[in-house]
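Given these sequences and hints, build the entire structure.
Sequence lines, in order, name chains A, B and C.
Take the first sequence: its position 44, counting from 1, is numbered 44 in the UniProt record's numbering, and each next residue is one higher.
Take the second sequence: its position 192, counting from 1, is numbered 192 in the UniProt record's numbering, and each next residue is one higher.
Take the third sequence: its position 157, counting from 1, is numbered 157 in the UniProt record's numbering, and each next residue is one higher.
Because the hints were derived from the structure by calculation, they are not lab data.
Treat each hint with caution, since some may be false.
Claimed, not checked - Only pairs whose alpha carbons sit at most 20 angstroms apart, straight line, appear in this in silico EDC-like list of lysine to aspartate or glutamate: (1) B:240 <-> B:224; (2) C:225 <-> A:224; (3) C:190 <-> C:170; (4) B:108 <-> B:80; (5) A:43 <-> C:125; (6) B:240 <-> B:361; (7) B:170 <-> B:199; (8) B:240 <-> B:295; (9) C:225 <-> A:228.
As the list claims (entries may be wrong) - In silico contact screen, one side only, chain A against chain B (beta carbon under 10 angstroms); selected entries: (10) 161; (11) 163; (12) 164; (13) 165; (14) 166; (15) 167; (16) 168; (17) 170; (18) 171; (19) 172; (20) 173; (21) 175; (22) 176; (23) 180; (24) 183; (25) 184.
Each residue gets a CB set at the ideal place from its N, CA and C atoms; glycine is no exception.
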Amino acid sequence: MMAHRPGWFARISAGVVALYLLLPISIIIPVSMTDQRFLSLPKQGLSLQHYVTVLFSPEWLGSIWQSFLIALAATGLAVVSGTLCAIGCWRLARRSTDLLRALMLLPIIIPSIVYAIGAYRYFAGLDLLDRFLGVALAHGVTGIPYVVITVSTALAAFDPRLEQAARGMGASLSQTLRWVILPRIMPGILSGGIFAFIHSWDELVIVLFIASRDVFTLPRRIWDGINENLDPAMAAVAVLLVVFTTGLLLLDLALRRRRAE
Amino acid sequence: MSAAGHALALRGLSKRYGSFTAVADVSLEVGQGEFLTLLGPSGSGKTTILMCIAGFVEPSEGAILLDGRDITALPPERRDFGMVFQGYALFPHMTVAENVAFPLRVRKMGAAEREAKVRAALDLVQLAAFAERRPSQLSGGQQQRVALARALVFEPALLLLDEPLSALDKKLRAELQDELKALHRRIGRTFVNVTHDQEEALSLSDRVAILNHGRLIQQGAPAELYEAPRTRFVADFLGKSNFLAGTVQEAFAGGFAIGAGATRVVTAAAAPPALGSRALLSLRPEKMALLAEGETAENTVQGVIAGWSYLGAGYALNVETPDFGTLRVTLPTWNAPIAPREGLAVRLGWRAAASVPVLDDLDQDRAA
Amino acid sequence: MRRQDAGWWLLILPAFLLMTAFYVAPIAQVLAISFTEPAPGLGNYERLFTSESVQRVIVTTLRICILTTAISLLLGYVLSYRIALAGAAAQRWWILAVLVPLWISVLVRAFAWVTLLRRQGLVNETLIATGIITEPLALVWNEFGIVVGMVHYMVPYAVLPMLASMREIDPRLLAAARGLGASRITIFAKIFLPLSMPGLLAAGVLVFIFSLGFYITPALLGGGKTLMVAEWIGLQILDLLRWGLGTMMATMLVVAILATLAIFARIVDLRRIFGGGGA
Chain A
1 MMAHRPGWFA RISAGVVALY LLLPISIIIP VSMTDQRFLS LPKQGLSLQH YVTVLFSPEW
61 LGSIWQSFLI ALAATGLAVV SGTLCAIGCW RLARRSTDLL RALMLLPIII PSIVYAIGAY
121 RYFAGLDLLD RFLGVALAHG VTGIPYVVIT VSTALAAFDP RLEQAARGMG ASLSQTLRWV
181 ILPRIMPGIL SGGIFAFIHS WDELVIVLFI ASRDVFTLPR RIWDGINENL DPAMAAVAVL
241 LVVFTTGLLL LDLALRRRRA E
Chain B
1 MSAAGHALAL RGLSKRYGSF TAVADVSLEV GQGEFLTLLG PSGSGKTTIL MCIAGFVEPS
61 EGAILLDGRD ITALPPERRD FGMVFQGYAL FPHMTVAENV AFPLRVRKMG AAEREAKVRA
121 ALDLVQLAAF AERRPSQLSG GQQQRVALAR ALVFEPALLL LDEPLSALDK KLRAELQDEL
181 KALHRRIGRT FVNVTHDQEE ALSLSDRVAI LNHGRLIQQG APAELYEAPR TRFVADFLGK
241 SNFLAGTVQE AFAGGFAIGA GATRVVTAAA APPALGSRAL LSLRPEKMAL LAEGETAENT
301 VQGVIAGWSY LGAGYALNVE TPDFGTLRVT LPTWNAPIAP REGLAVRLGW RAAASVPVLD
361 DLDQDRAA
Chain C
1 MRRQDAGWWL LILPAFLLMT AFYVAPIAQV LAISFTEPAP GLGNYERLFT SESVQRVIVT
61 TLRICILTTA ISLLLGYVLS YRIALAGAAA QRWWILAVLV PLWISVLVRA FAWVTLLRRQ
121 GLVNETLIAT GIITEPLALV WNEFGIVVGM VHYMVPYAVL PMLASMREID PRLLAAARGL
181 GASRITIFAK IFLPLSMPGL LAAGVLVFIF SLGFYITPAL LGGGKTLMVA EWIGLQILDL
241 LRWGLGTMMA TMLVVAILAT LAIFARIVDL RRIFGGGGA
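Below, the structure written as structure tokens:
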């Protein structure tokens, strides 16, 4: 029996939608290599001068480094607490833990703006405004849902009898975790970590409210750039970001493929 | 390995999930070095009982004792029981040797001693050559033996087996049954096995406990259960049985007689029931014979062959009788007195002791 | 609680404490402020009925969200249909084409749209150069720009649940219908569309609630003239210091989202939206 394939109308319109999704993102690549001093397509030839500007600018490099450190700290927080929580909920599996898991998903349901203004006020009282720790905490707790989702997915494929077998043979909870559960769900944890990292790395709304001068992340600098001076260096930054994110996604894809095997 | 069997006792064990009762007031003793099988259909509570013994399920009531010591509150990792799980639960990310070494690693045993024990355990199940393979590279039977080695390597007080052979095909199952039995003899430990397969239960066990709807219906040696089932359920679940229903007409020393229509059937029993009460007799298909002209037996019944089939080792006949409906009769092929054919009139005969009085299922609750 | 389970509850504890102390508490404070500042009572909520500017923001937000949801569903459906019926190898590439935009920074995407759509942008320059128009079109820093940018952001989110439900459709059904003589359009209308409806609904809920609280894209592509609630809330807090009004609107936003979820929980499996999938 021949498979049912899409007709010409579906093929063409899907192609148009795909172009709509990908073209604007790819257009920044030639724009970033323009030989002009303003935002445009290259006229006479390609130039890497705007990449040089970015990569030798202490402001951009400082923001990239700061964003990287914050994302690293936030990812650590989200991965450790999110993984343990997902494992606990999975093992206990009852109404109350279902509710707890729903609680952990709140950060992707409630808009960042609501949390951002809340954190703005709340963190002021804790002296966490414009602090590395404050941003890392905020990004960490809002990154938990990504870890909880991917780890829960990985656990769904985990045979609960393996855990019972380990306990039955005398393994303590921490031995069972270290030797049996964690090695089996590691791809899911890494996946969650990648998403939590991208979440923090790209996050802007919260940062706009709880950081100002001392903490000036990469998205914050791009935001100012778009609002104040639209120059080709912005396009270069954008391309670097796209390359970085795509790289992380491909890494995740490779991990998933390995898990499937 | 040292032969140190331990005795286990369940006292009034119950487990309820909300309003559902999975296990109801089960008391049981397992002697040192005994092989006990919990047998029952799915949902009979046998697995729940095993999980209570292992410590994975907390009983709602009752106590579990090991050599007289109450272990009900002990978490599974402190019970020192070996367990073979349904589907084996081998760790897929570890090699066979690492799987078997797991319980020793947990106990922080030194590397040299650990290696020696793992080798001995793998030798025991004849898998020494497969130490470096992963479980996924082994056949079902080999996986089962790895699970056994892993459960025995730390010399547990008790070995628990949850449907250990159910994932294997029929032929392999028979082979491993023999191996398991031999292993039990060799190491002399106490085994508690759970299965729904009555043949496995009969062939492996020193003693079988039959469960239904969470209740312990009857326990005893396999032959005892088969020859003297106490209830209709036991007779039906262990092997096949015909049931003859009638009214008690006469009682005498060591037995009584029931009547149904024009037929009278005598049976052996220590304590005959009251005259005029209803009674049910269980009669195994292989315990009847086809009587030749003029031959007599303690019980006889007339009938007509309504259908038959050839099973290789024997014939199975369905004999239509006026008072007991269709009776199933099996005859060994090699000395069958007749060639069966539909419509043939036959006379069935059997000894009084072959028809065993049993309680009907309605009475089962009272019996248990 | 069972004794033996204590250890497992302990595993949940860190996430629970972090979440309560640093996520739930700030949000609870937002709800509290809306009733207490500037004066205790329901004063802020009265503005929903009396203030024209508050009402205008709500109407604008709903209009843009409904438009965004409708267009995203349409485009997403076309894409999912194409992907679901593609061969296995082609599917992988298509899915990558959906996932890459999904995870690329919303800022980068807004920036790309500004580059394309502004007065001296690539679209206007091209159109002028080819002589189709003489004056640049106003393509960005208005509602049009917002919708273009938001739809661009939302299409991947619409595709994921729709594709999941289309993949559950047994391809033999379609082949069988064809074998029975049904036309392409009949197969689509009578079989494919009804069977993919759960995914369509789930996608609709997801896109709508994500659109409601959207901040960055409307702020960058709206140019400050068309205000949606998120930007409006930010404005109240950061520039006008009207905490009561800002938190009231934030509360309404949360209520609207939870209400939408509660209503649709009856007809849509929420697990389709937030469950398993991961990416």
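These are the hints, each one checked on the structure:
{"no.": "1", "hint": "B:240 <-> B:224", "in the structure": "15 angstroms, holds"}
{"no.": "2", "hint": "C:225 <-> A:224", "in the structure": "18 angstroms, holds"}
{"no.": "3", "hint": "C:190 <-> C:170", "in the structure": "14 angstroms, holds"}
{"no.": "4", "hint": "B:108 <-> B:80", "in the structure": "14 angstroms, holds"}
{"no.": "5", "hint": "A:43 <-> C:125", "in the structure": "13 angstroms, holds"}
{"no.": "6", "hint": "B:240 <-> B:361", "in the structure": "16 angstroms, holds"}
{"no.": "7", "hint": "B:170 <-> B:199", "in the structure": "11 angstroms, holds"}
{"no.": "8", "hint": "B:240 <-> B:295", "in the structure": "26 angstroms, violated"}
{"no.": "9", "hint": "C:225 <-> A:228", "in the structure": "17 angstroms, holds"}
{"no.": "10", "hint": "161", "in the structure": "4 angstroms, holds"}
{"no.": "11", "hint": "163", "in the structure": "9 angstroms, holds"}
{"no.": "12", "hint": "164", "in the structure": "6 angstroms, holds"}
{"no.": "13", "hint": "165", "in the structure": "4 angstroms, holds"}
{"no.": "14", "hint": "166", "in the structure": "7 angstroms, holds"}
{"no.": "15", "hint": "167", "in the structure": "5 angstroms, holds"}
{"no.": "16", "hint": "168", "in the structure": "4 angstroms, holds"}
{"no.": "17", "hint": "170", "in the structure": "5 angstroms, holds"}
{"no.": "18", "hint": "171", "in the structure": "5 angstroms, holds"}
{"no.": "19", "hint": "172", "in the structure": "6 angstroms, holds"}
{"no.": "20", "hint": "173", "in the structure": "8 angstroms, holds"}
{"no.": "21", "hint": "175", "in the structure": "6 angstroms, holds"}
{"no.": "22", "hint": "176", "in the structure": "8 angstroms, holds"}
{"no.": "23", "hint": "180", "in the structure": "6 angstroms, holds"}
{"no.": "24", "hint": "183", "in the structure": "5 angstroms, holds"}
{"no.": "25", "hint": "184", "in the structure": "6 angstroms, holds"}
Hint 8 alone, counting from the list given before, is not met by this structure.
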